[in-house]
Amino acid sequence: MKTNDIQPKAPIFTLAIASGKGGTGKTTLATALAEAAGIPVTLRDCDVEEPNAHLFIRPQWHCHTEQTRPVPQIDQERCTACGACAELCQFNAIAVAGGRAMVFAELCHSCGGCRRICPEGAISDKEVAIGTLDCGTQHKNPTTPINFIQGKLAIGQVMAPPLIRAVKHIKAKETLNILDCPPGTSCPMITAVRGSDFVILVTEPTPFGLNDLELAVETVRQLQIPFAVVINRADSGDSGVRSYCRSNNIDIALEIPWKREIAEAYSRGDSLCDAAPELKQQLHTMLQQIMCVKETA
Amino acid sequence: MKELIVISGKGGTGKTSLTAAFCHLASKLAHGCVCADCDVDAADLHLILSPEVEQSQTFTSGHEATIRQEDCTACGLCKEYCTFDAIIQEQDGTFRVDPYACEGCKVCVEFCPVQAIDFPSAECGIWNISTTRFGKMVHARLHIGAENSGKLVSLVRQQAREIAAQQGAKLVIVDGPPGIGCPVIASITGADAVLIVTEPSVSGLHDFERVAQLCRHFNIPAYLCINKYDINPAQGDAISTLAEQRNIPTLARINHDHAFTAAQIERKTITEYLRTDAADSATSQVRALWETLSQHLNA
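So the protein sequences, as listed, match chains R and H.
Sequential numbering from 1 applies to the first sequence in the working numbering.
Sequential numbering from 1 applies to the second sequence in the working numbering.
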């Protein structure tokens with residue numbers, strides 16, 4: 001065994017790749033890290049609104065399942081239109097009118113409250129489709145294949161979090177989980193990042209990048225997860241992100257330069273490790289350091 | 001009055017840079033325009049428009065559960081009933097609500113056998129009405145992890161339309177959020193037109209397809225702009241072909257230009273930063289896009 005092999009002590013280590021701003025390179029980094037890890041990895045694409053990691057991983061798919069969530073279904077024979085369900089529902093997903101209870105499934109958060117409160121037992125769960133879960137494997141490196149899982153939100157579906165939770169909950173035997181997270185700082189991002197051992201915030205050195213990085217830093221600090229920053233397209237833009245990190249004691253784990261070759265490789269769906277092989281070792285070292293930080297923490 | 005929403009599906013394609021330039025160009029219309037930023041969880045338009053806030057209000061929506069420790073018997077029923085994994089049992093056996101996971105459904109409050117859970121209103125964010133060099137702007141900030149982003153988006157749009165009606169402005173320009181979920185749906189429903197800004201990459205194509213389906217699902221006329229076109233023209237053309245099949249006209253192909261970043265650093269729109277009439281300049285390409293888009297909006 002080489003000395004630089006990653007040997008996580010924890011049974012499972014979960015690393016979330018997130019950012020405030022979209023388009024900073026989360027997917028590029030998440031897929032490149034999975035390839036550079038050198039140990040078996042499960043890569044989970046939690047950006048269920050716009051899942052892109054599969055375009056770079058190009059896995060061999062081996063399972064595809066419809067994902068559903070429960071919404072209420074009312075047995076009109078039993079319903080007395082008492083209104084208890086509508087009164088409890090905080091999302092206006094049930095209304096009682098003309099002696100009947102009606103369900104507006106798209107507003108439902110699947111909390112199950114109506115079913116529990118109905119005195120007549122007239123409400124049951126009906127499963128509605130919210131998207132799909134796909135699993136596959138990338139065999140590019142035969143000794144360390146990448147186990148790949150993604151969620152894909154159905155068009156017109158409002159709520160991503162239930163599907164993100166499903167992507168995270170699938171069991172895998174690999175010791176390292178890498179999560180490609182959705183952008184922003186609201187429910188989808190939090191649902192994805194929550195419970196991780198470490199977060200990498202990917203940013204770019206521009207005013208937009210800095211503004212959204214500050215929001216993302218505030219978010220992971222409130223979630224109390226250790227984190228570091230990766231600056232993508234590092235030689236474009238200005239010095240704002242670097243001074244912010246310096247004055248807030250934030251570790252910059254890696255800088256990836258702007259290169260036309262990298263942008264072009266990305267546009268074709270080629271891996272960062274192939275477009276810039278010199279980065280592969282740096283990515284491996286960064287991962288090693290991050291997982292060691294956790295061990296000593 | 002017309003309402004134009006700029007979205008992208010994929011983040012980082014240049015939505016905000018283009019929206020800011022449109023705000024600049026539209027400010028010269030009679031009665032001006034009103035700008036709104038509906039990317040409420042990572043808003044950036046203010047960095048270019050430098051708004052002076054005139055009115056700021058908190059946005060309260062929904063409720064949040066909190067357990068009163070002195071009354072809690074630690075029976076664990078709330079944890080069992082919560083479908084959001086929002087109830088956490090601490091090592092000492094006590095229970096608490098994780099405010100970032102709580103969706104405010106009230107189930108724990110309702111079913112707690114000893115009524116030990118309070119349910120106060122949740123302050124989810126702030127919203128502002130501001131003045132900029134291009135006219136009025138409505139913008140907001142959702143608190144971290146807060147719920148109800150869709151409602152805040154709807155509020156921002158409604159305020160922008162009201163201001164436009166008051167001042168007689170014919171146009172509201174909205175910077176939309178990325179993705180296809182809740183805040184995007186709240187941003188585009190009922191709008192007059194959507195401009196989809198994409199980039200010529202496999203991700204750009206994939207995300208364009210999903211966002212185009214979303215526009216069709218809600219029956220909103222959509223137009224396409226391919227930004228950073230020269231990074232991969234073949235991929236850009238593939239997106240245009242797909243768009244054509246979906247009756248979405250490609251209004252512009254804008255080349256990659258570091259001037260967009262340079263303009264952003266100076267807090268300027270590209271049309272302010274790069275003052276040139278050279279036909280192949282980013283400014284000319286953006287101006288031409290705006291003229292075509294205006295014609296479609298007024299048609």
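Rather than coming from a laboratory, the hints here were simulated on the basis of the structure.
Heads up, some of the hints might be wrong.
To be verified - With a Cα cut of at most 25 Å, we get these calculated PhoX-like pairs of lysine-lysine:
id, chain 1, residue 1, chain 2, residue 2
1, R, K140, R, K168
2, R, K173, R, K126
3, R, K126, H, K2
4, R, K140, R, K126
5, H, K79, R, K171
6, R, K168, H, K79
7, R, K168, R, K259
8, H, K79, H, K268
Tested hints:
1. R:K140 with R:K168: Given that 25 Å is the threshold and the Cα spacing comes to 24 Å, the pair holds.
2. R:K173 with R:K126: Given pair K173 of chain R, K126 of chain R is violated - Cα atoms ~32 Å apart, limit 25 Å.
3. R:K126 with H:K2: violated (40 Å)
4. R:K140 with R:K126: Distance ~41 Å between K140 of chain R and K126 of chain R Cα, so the pair is violated.
5. H:K79 with R:K171: holds (22 Å)
6. R:K168 with H:K79: holds (19 Å)
7. R:K168 with R:K259: violated (33 Å)
8. H:K79 with H:K268: violated (51 Å)
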